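Taking the hints into account, I'd like the entire structure generated from these sequences.
Below, each chain spelled out in residue letters.
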Amino acid sequence: MMNKKESIKTREIVWKTIAYVVITSFGILLIIPFFWAISTSLKPAGQEFTYPPKWIPEPFVWENYRIALTLLPFATFLKNTLIITILATIGSVLTASLAGYAFARLQFPGKNFLFMLCLSTMMLPYVVTLVPTFILFRWLGWVDTLYPLIVPSWFGGGAFFIFLCRQFFMTLPLDYDDAAKIDGANEWYIYSRIIMPLSQPVVITMLIFNFVNHWNDFMGPLVYLHSMEKRTIAIGLRTFLTSMTERSDWNYLMAASVATTIPILVAFFVAQKYFIRGVVMSGLAGR
Amino acid sequence: MSKLPGYKRREAINAYIMLAPWIIGFIAFTAGPMIASIVISFMEWSLLQAPRWIGFENYRFMFKDNLFWVSLYNTIYYTVIGVPLRVIAALCVALAMNLKLRGISVYRTIYYIPSITPAVASSIMWLWIFNPDFGLANALLGYIGIHSRIRWIYDPALSKPSLILMSLWGIGGMMIILLAGLQGIPEQLYEAAELDGAGLWHKFWHITLPMLSPSIFFVTIMQVISSFQVFTQAYVMTRGGPANSTLFMVLYLYQNGFEFFRMGYASSLAWALFMFVLVLTILQFRGSKYWVFYEGELRG
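Here the protein sequences come in this chain order: P and S.
First residue of the first sequence: 1, per my numbering; consecutive thereafter.
First residue of the second sequence: 1, per my numbering; consecutive thereafter.
Quick caveat, the hints were computed from the structure, so don't treat them as lab data.
In this text, all values refer to a predicted model and were calculated from it rather than measured experimentally.
Warning: the hint list may mix true and false statements.
To be verified - As a list, the in silico DSSO-like pairs of lysine-lysine whose alpha-carbon atoms are at most 27 Å apart:
#	chain 1	residue 1	chain 2	residue 2
1	S	Lys203	P	Lys273
2	S	Lys8	P	Lys9
3	S	Lys203	P	Lys5
4	P	Lys79	P	Lys181
5	S	Lys100	S	Lys203
Unchecked claim - For the chain P half of the interface with chain S, some residues (derived, Cβ under 8 Å), not all of them:
#	residue
6	Phe137
7	Gly141
8	Val143
9	Ile194
10	Trp250
11	Gly283
Positions of the beta carbon are idealized from the N, C-alpha and C atoms, including for glycine.
Right, here's the structure in full:
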């Protein structure tokens, strides 16, 4: 007969096994689409049309990736995406951190009102402003240039980033500011020499989110970028799909899809901690 | 402001200068366009000709426009069925990922990863998964003995459920937010309940759920807002078809604005969408006082 301690232990083992089985099966279900895409991307032409499907390609055709990424000028798409990402990110980090600093550590009339206004724009459906913004950029002669996708980032960088900065700056001790003020430092000095050097984590989070947002952005480039040499990765991939559907070369389509997903996955694995921190912070925005 | 002492005045002026980029951006890219959007919604404007004032004609047309009602129905369907499923799924996953199991962080990564897959890439992957003849979805059903040629997104009756199924794949972000909420629940609450002999269900119902309700409320609000703006999947995968069964509001708006160049009608559609989202959000805030529990209220 089992004593009480042993029976609790057995129960725990049984319970944990069930938990592992459940989360593993669902986990496999979530990962299968990736395996499926990778497997298709390496198949020789025609092999994707077998039923039941062949899971391991025979032979592995790595050449598919080279062909898929040169059928359309993906190098140009990459260049455009990187230009947008880098220039927009600089503007966004600079202007959002300035606004976040003012909201977090300075006193001025109308502060609460402006901050609530800023937060409320996070909930605004972007399509409400889409048509007039397009007309504005068209009037400026910026359609089919990268400017409409870069310039807005230099004006506040997005409410979420302002919020992110404000929350982070509020955790830094106010003593630093006070000490600097006694030495005669003004707000600009405190921002640039004390606050920003301490804010590496939030800057890294902003870099990653900017990168992911611009890499994935679809509606913006779709509306503004028309000629082939101006397109970004996301919009280029869509173009690739349109040019492929009649031929149904799913191996090339999967190769291009997998290839354009890899940089995002790399970013995630390199900076997982900052990535998750950003997501968690987005959950605090509503409190 | 002139009443403020000198150093405070200087601080306020610097604050406004630091906020200036955002304030200018807010006026130029948010407030200004919102007002312009109302004005344009009363116009007929193809961008090629000068705009013409037509009063409420766009709204009158919307009321009679069958495709508008179809897109509204599709969007509400996608939201009313999809959001609860996604939130419940994310909650279940978050609860599982909060278990104290060895290697759980690996599982968290696996469950999170699909949500960061670029929308166009995942749309193309799912287009292939939903292929009726050679796709993964039917192949998996085949393995468990269901050999039916389900047409998924190519079947008007199944296209929306298929897109909802696909959206369940990307709940990772919500899962992380809810998981953070779960980890913020003080351990003492559970210990106290255990002393009183509370079981698993009791603890979930009387501690976990109330303590997590602000996070659940937040993700639901954001899900409804983003669900009303569903676009990329429909644009890339189905282009609104088959038989307009995935013609969502933003897709219809996009077509009107940027394919038919009916800027006026597109703007009135944008305002209609905005009103729906606003009313739904207000209703949710109103309803929240019956089920959302804020810890601060007890203390305060």
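Check your understanding: Checked against the structure, which of the hints given earlier come out wrong?
Key -> 1, 2, 4, 6, 7, 8 and 9
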